[in-house]
Amino acid sequence: MGTQEASSPRPGQHEKVLSLRGLELAFGPNKVLRGFDLDLYRGENVMVLGKSGSGKSVLIKCIVRLLMPTGGSIEVLGQDVLALGQEELDHLRVKVGFLFQSSALYDSMTVEENLRFPLRRHWLATTSGEADGLVDEMLSAVGLAHTRKLFPSELSGGMKRRVALARTLILKPEIVLYDEPTTGLDPITGKEIVELILKLQRSYGTSSIIISHDLHVARMAANRIALLHEGRKYAEGTYDEFRSSQDPLIQNFFIFM
Amino acid sequence: MNGSAQRPIKVFLTEAGGFSLFVSRFFQNAFHPRFEWREFIRQSVQNGNGSLPLVAVTAFIMGLVLTVQSRPTLARFGAESMLPAMVAISMVREIVPVITALICAGKIASGMSAELGSMKVTEQIDAMEVSGTNPFRYLAVTRIWSTTLMVPLLVILADGIAIWASWVGMNMKGPVSWQLFQRQVFDSLALGDVLPALIKSIFFGFVVGAIGCFKGFTTAKGTEGVGRSAHNAVVYSSLLIFIIDLLAVQITELMGLN
Ligand SMILES: Nc1ncnc2c1ncn2[C@@H]1O[C@H](COP(=O)(O)OP(=O)(O)O)[C@@H](O)[C@H]1O
Ligand SMILES: [Mg+2]
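Chains A and B, in that order, give the protein sequences.
First residue of the first sequence: 285, per my numbering; consecutive thereafter.
First residue of the second sequence: 134, per my numbering; consecutive thereafter.
Everything labelled a hint here was simulated from the structure, so no lab data went into it.
Think of the CB as a built atom: it goes at the ideal place given N, C-alpha and C, for glycine as much as any other residue.
Each hint should be verified, as a subset may be incorrect.
As the list claims (entries may be wrong) - A short list of chain B residues far from chain A (calculated; beta carbon distances all over 10 angstroms):
{"no.": "1", "residue": "Ala138"}
{"no.": "2", "residue": "Arg158"}
{"no.": "3", "residue": "Glu213"}
{"no.": "4", "residue": "Val382"}
Claimed, not checked - Listed next, the in silico DSS-like pairs over lysine-lysine satisfying Cα-Cα at most 27 angstroms (straight line):
{"no.": "5", "chain 1": "A", "residue 1": "Lys315", "chain 2": "B", "residue 2": "Lys354"}
{"no.": "6", "chain 1": "B", "residue 1": "Lys143", "chain 2": "A", "residue 2": "Lys315"}
{"no.": "7", "chain 1": "A", "residue 1": "Lys456", "chain 2": "A", "residue 2": "Lys379"}
{"no.": "8", "chain 1": "A", "residue 1": "Lys433", "chain 2": "A", "residue 2": "Lys483"}
{"no.": "9", "chain 1": "A", "residue 1": "Lys379", "chain 2": "A", "residue 2": "Lys517"}
{"no.": "10", "chain 1": "A", "residue 1": "Lys483", "chain 2": "A", "residue 2": "Lys379"}
{"no.": "11", "chain 1": "A", "residue 1": "Lys300", "chain 2": "A", "residue 2": "Lys483"}
{"no.": "12", "chain 1": "B", "residue 1": "Lys354", "chain 2": "A", "residue 2": "Lys335"}
{"no.": "13", "chain 1": "A", "residue 1": "Lys433", "chain 2": "A", "residue 2": "Lys456"}
All chains should be built: construct the whole structure from the sequences, respecting the hints.
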């Protein structure tokens, strides 16, 4: 499938919203990505599995150009991400949400101000009333309407992750990148977060890339899994295919299952 | 032997190079039409209020102590009547600007670098970037402008407090009229004393903000990195304050203002 098709998308399942080709990134002599390929279709959840330090965060940071790859190409919603100017990049970033591993809530702002922050962009021209409505909608969607006036330091880890999720989804992105959404949470809270992600995904119709080393997340949420190993896509398949695989590298991830 | 001598030089060169780039990036963004006024005002109020008590107390004590301690010396030369002028000139020209700037280096520069450093480490700066707000403009430009404004304002205020404290010190050896004291002070202070000190203070303020933000933005991963940045911010900004002070005295000398 050539990349030209992405600019004239076909409807339904086979519309490609994101495509990575031969992605390379090195920090000095440390070659983290060495030609990684991935496609994401509309409405789909792809999970990128990899052990700690394998370059999963680096990979999705390239997609929103928080990091500049040293080689390869990235196409998102028909646009060549690496060729965009700052203004166009900012417009594209509205459509690509990012949930950070550490939640990354602004400590000096209340929950409400955190949610309003992405709405500040001048061209969105949201009125104060509209912004209020959106904040209410998102906070109720994650079940935290009562925390509006609280500061992040007053929230538990699970609540922070929910607020971060609300902040990510407030701009109604078409694609969401989740960086280890359950890491650092207890299993019960982790499960709640995944269920919340799935619920919100159904109501807002997003496509997503979920980064994790946790196969429970894969079982619950992923339509497809790509295994990142030594900077390349080592294997790709469904959860069941991975489960029944004889490859020791894949089996390693099932140790705690 | 050779290696251990090279390391500090290498560190100095990378830090100096990094800081120069940071400063030039500031000037590229400093006059951008979309200025973040709210954050600028919030920072100015916070930094001004935070440093005010310590600056005020220090200025009061310095003014008082210098007056009381200089009196016997001046008296030995029969120049006791010069006391108000001498104290006022040394306070306004040198002591108040430098002490105020050093207090701000200790309070503001370290606070900024710790705050921005922990924002960097916890990905808050990345989050800002992907939500379409330029973090450099939002966080650094506003902070640097705010210290550039607030440090000179604090210096002016501290000047007033130090001069008043000097009058309090004069009164300890018998009453002196405030009118008379004030006239002696203002007769002795020339524009050549006040203006260079103010210009110097603007540079001090710039250094405090710029070093605080530079160390914050370049913080290495981990909580240890945040602590090290805050420490370095104080050391570097204090050093730069002394260097600027040294240059300022040369420049005023050349301009014949001494
Ligand atoms: N900003 C950076 N500078 C230098 N090296 C980095 C940077 N970010 C990540 N790395 C390196 O890239 C590798 C992958 O990191 P990361 O993507 O965070 O791993 P993970 O898969 O756990 O998310 C690690 O070896 C890390 O040290
Ligand atoms: Mg990671």
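Do the hints match the structure? See the list:
For Ala138(B), the condition that its CB be more than 10 angstroms from all CB atoms of chain A holds, with the nearest at approximately 25 angstroms. With 10 angstroms as the threshold on Cβ separation, the claim that Arg158(B) sits away from chain A holds: the shortest Cβ distance comes to roughly 14 angstroms. Against chain A, the non-interface label of Glu213(B) holds: every CB pair exceeds 10 angstroms, the least being about 53 angstroms. At roughly 39 angstroms, the least C-beta separation between Val382(B) and chain A is larger than 10 angstroms, which holds for a residue marked as non-interface.
Restraint check for Lys315(A) and Lys354(B): the C-alpha separation of about 19 angstroms stays at or below 27 angstroms, so the hint holds. Restraint check for Lys143(B) and Lys315(A): the C-alpha separation of about 25 angstroms stays at or below 27 angstroms, so the hint holds. As the CA atoms of Lys456(A) and Lys379(A) are separated by approximately 7 angstroms, the hinted pair is consistent with the 27 angstroms bound. Among the hinted pairs, Lys433(A) with Lys483(A) is consistent with the structure: their alpha-carbon atoms are about 25 angstroms apart, no more than 27 angstroms.
Taken as a hint, the Lys379(A) and Lys517(A) pair is honoured in the structure, with Cα atoms around 25 angstroms apart against an allowance of 27 angstroms. Between Lys483(A) and Lys379(A) the CA atoms are separated by roughly 19 angstroms; this keeps the pair inside 27 angstroms, and the hint holds. Among the hinted pairs, Lys300(A) with Lys483(A) is consistent with the structure: their alpha-carbon atoms are about 22 angstroms apart, no more than 27 angstroms. Taking the CA atoms of Lys354(B) and Lys335(A), the gap is near 20 angstroms; set against the 27 angstroms cutoff, the hint holds.
For the suggested pair Lys433(A) and Lys456(A), the alpha carbons sit about 23 angstroms apart, so the restraint of at most 27 angstroms is met.
Figure legend: structure checked against the earlier numbered hints; every hint is met.
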